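Chemist: For reference, the chains in residue letters:
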Amino acid sequence: MDAIALLIAATLSSGTVLALAALGLLINERAGIVNLGAEGMMLIAAIAGFATAVHTGNDWLAFAAGAGAGALLAATFGVLVIWLNTNQYATGLALSLFGSGFSAFVGINYVQAKLSERPHFQLPWLADIPLLGPALFRQHPMVYAAIALTAGLAWFLYRSRAGLVLRAVGESPESAHALGYPVRRIRLAAVLAGGALCGLSGAYISVVYTPLWVEGMIAGKGWIALALTTFATWRPARVLLGAYLFGGVTMLQFYLQGEGMQVSAQLLTMLPYLSTIVVLVLISRNAGWIRVNMPASLGKPFFPGS
Amino acid sequence: MLKLEPRPAPSRVMSIASPLLALAITVLIGVALFLLLGKDPLRGLQVFFVEPLKSAQALSELAVKAVPLLLIALGLAVCFRSNVWNIGAEGQFVLGAIAAGGVAMLAEPGTGRWIVVPILLAGVLGGMAWAAIVALLRDRFNANEILVSLMLVYVADQVLGYLVYGPWKDPDGYNFPQTITFLASTKIPRLFDGLRVNIGLPIALLAVAGFWAFLFRTYAGFQLQVGGLAPAAARYAGFSSRRALWTALLLSGGMAGLAGGLEAAGPLGQLTPHVPAGYGFAAIIVAFVGRLHPVGIVFSAILMSMFYIGGELAQSRLGLPKSLTGVFQGLLLFTLLACDTLIHYRIRWKPAHVPAEAPPAVTDQPAAAEGQA
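These protein sequence lines map, in sequence, to chains L and C.
Here the first sequence is numbered in numbering that gives the first Met the number 0, starting from 0 and rising by one per residue.
Here the second sequence is numbered in numbering that gives the first Met the number 0, starting from 0 and rising by one per residue.
Bound conformation, chain L alone (with noise of 0.2 Å):
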């Protein structure tokens, strides 16, 4: 029982940092941009929340750190892409190979330092109930926070007026235009979330999920949450559910090797990987669907005028 409430906890946290960073790069496509760069932006952000942790001991900053390197990046990011026409592919992956070397760059010195021990954080009250105490109240509050964060995307792309133009501008910038929305700023505006987002994920990884820096940590969580939106048909609830669902494979690694399971590390550590594969393919299938899902002009550059 002990081993279940376990894993189920470990899931959320995993399924968190997966959500966060997924439900960043949903605002990016809802508004028509891929951001390849995730994977960058997460390690940039891993090792400036790690660093700041470090220093000054409050993770709270490191967290603002974090999305505030993401954000950066991703403002270079969109600068480029929506201004100077870039290709958003291509920029996109410029973003994640600097982000690789840059943060092995910076993280030199942070390799062997150790976080002071975290406080573990419980619910009063709830979290003394049994199996569902330890499994699902003694989270860290990001957990929650992504949870609420879901249900405010949610609200704001199909409750409130401007998640309706965001919306606009990713189904067809052209229209948003001609009704005289700024849509270029609009975008970059839903790149920058995007970044902070990502950047609040990848200090999330470095200073609560496994406290500690080592070049190339994220290991390809970004690629992951950007396979995550297309799962989700660029619906946040199905995001969350999808990072549950791929936090849960993450887990499982774990949990069997616990169990005594007599299988190879590395097929275990494959596992995420090839799930992702697995299920963009049974996702993808379907073209039509998929394509009555994406926002319309996902991945097209926009040139005002021409």
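FYI, nobody ran anything at the bench for these hints, they're computed from the structure.
Heads up, a few of these hints could be off.
These stretches of chain L come out as covered by chain C in the derived footprint (C-beta under 8 Å, 3 or more residues) [stated by the list, open to error]:
hint, region
1, 82-92
2, 135-148
3, 209-221
4, 234-240
5, 266-277
If you only want the chain C side, here are some residues facing chain L, beta carbon under 8 Å, derived [claimed, not checked]:
hint, residue
6, Leu19
7, Trp84
8, Leu136
9, Ala142
10, Val147
11, Leu149
12, Val154
13, Pro230
14, Ile284
15, Phe333
16, Ala337
17, Asp339
None of the values given here were measured: they were computed from a predicted structure.
The C-beta atom is built at its ideal place from N, Cα and C for all residues, glycine as well.
Please build the complex by placing chain C on the supplied structure of chain L, with the hints as guidance.
Modeler: Relative to the frame of chain L, chain C by itself:
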């Protein structure tokens, strides 16, 4: 205010000048970075741009790193030209190395030098097979090739890990995760005594000619490029986009696999978890900086190889982390993409239309305010 204005036709001059401009900006940022770190920038530039060219030994090392980059980037150029986003060349490289290593380990003491041919063929096939997964999933199930090819990089690393930690581990290797050292007969023949550069170099140069001919002198190459530039036109002309997808992925996978085979049976001489060295990712930058043109890629592969060697020297001579290489590589691609804007647009000075005393700007478009850069 600066304003971007579309050019009537793409500028050929800028298309050549852009990589040079990007390199200049990257070097300037590099100089600033060296100053910031309290290192002599002249020494830094020397380490990156002079030392790698100084002697026959240095040139040989330059070629050892440029060859895999060149081979992989040639294949990627075909991919990117046909709008197929294979970013998993690193995984295809690893599978090529695994397949080539598998054949190399079959060699026995009496085996002749001919074994090198099947070793390299195995490398090509290994890379092709890994890329074929991407093509199959894209073709049959419409799965995004960017994500699938990238996920397969992580899977390939684990396959390699499984082999060198498990069935292929050298029984006399003190439990290190590595295969046996391949026999001398499997070694890729070197060009000169005492230098590490091997027949990979002439193979790569032949490949440059081959890819140039394929892209610009064959109907199939033409079809691929039309499909990349104007999918609708390609469809109208009856060019098969499926064939283009398979051709591009098999070619680039094969080239990455060949590079992996040359690396495994060449400089490495055994398989370890350190086979993936990032060539597959760096080659993406090489392909773009080389304008996706086989001849341009030769120059950008040399440049990127200088970045690698410069990074290693910066570590040993200046005490800077080797990852400086990755910083400069990423910066170069970033600045290149920014500079490439100048191929399709030109920058114009326009009087700002903010203050009242300024003459009213001619707003030829409803959203002139939007177009401000």
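Chemist: The hint names C/Phe333 as touching chain L; please verify it with the least Cβ-Cβ distance against 8 Å.
Modeler: holds, 5 Å
Chemist: Holds or violated: the hint that C/Ala142 contacts chain L, with Cβ atoms closer than 8 Å.
Modeler: Holds, about 5 Å.
Chemist: Going by Cβ atoms only, is C/Asp339 closer than 8 Å to chain L?
Modeler: holds, 7 Å
Chemist: Hint C/Val147 vs chain L: min CB-CB distance below 8 Å?
Modeler: At 6 Å from the nearest chain L Cβ, C/Val147 passes the 8 Å test, so the hint holds.
Chemist: Can you take a look at whether the region 266-277 of chain L is actually covered by chain C? Rule is 3+ residues, C-beta closer than 8 Å.
Modeler: holds (count 7)
Chemist: So, C/Leu136 near chain L? Judge it on the closest CB pair being under 8 Å.
Modeler: Nearest chain L Cβ about 6 Å off; hint holds.
Chemist: Under 8 Å, Cβ to Cβ, is where C/Ala337 needs to be relative to chain L, so tell me if that hint holds or is violated.
Modeler: Hint holds; C/Ala337 Cβ to chain L Cβ min 6 Å, cut 8 Å.
Chemist: Counting residues of the region 135-148 of chain L with a beta carbon closer than 8 Å to any beta carbon of chain C, are there 3 or more?
Modeler: That given contact is violated, which follows from only 0 residues of the region 135-148 of chain L lying within Cβ reach (below 8 Å) of chain C.
Chemist: Quick one, is the C/Leu149 hint okay against chain L at 8 Å, beta carbons?
Modeler: Constraint on C/Leu149 satisfied, holds at 5 Å.
Chemist: Return the status of the interface hint for C/Val154: holds when the least beta-carbon distance to chain L is below 8 Å, violated otherwise.
Modeler: The hint holds - C/Val154 has a Cβ within 8 Å of chain L, the shortest such distance being about 5 Å.
Chemist: Does the interface hint hold: is C/Ile284 within less than 8 Å of chain L, judged Cβ to Cβ?
Modeler: holds, 7 Å
Chemist: Against chain L, with CB atoms and a cut of 8 Å, does the hint on C/Leu19 hold up?
Modeler: With a minimum Cβ separation of about 18 Å from chain L (threshold 8 Å), the hint on C/Leu19 is violated.
Violated hints, in rising order: 2, 4, 6 and 13; the structure is consistent with all others.
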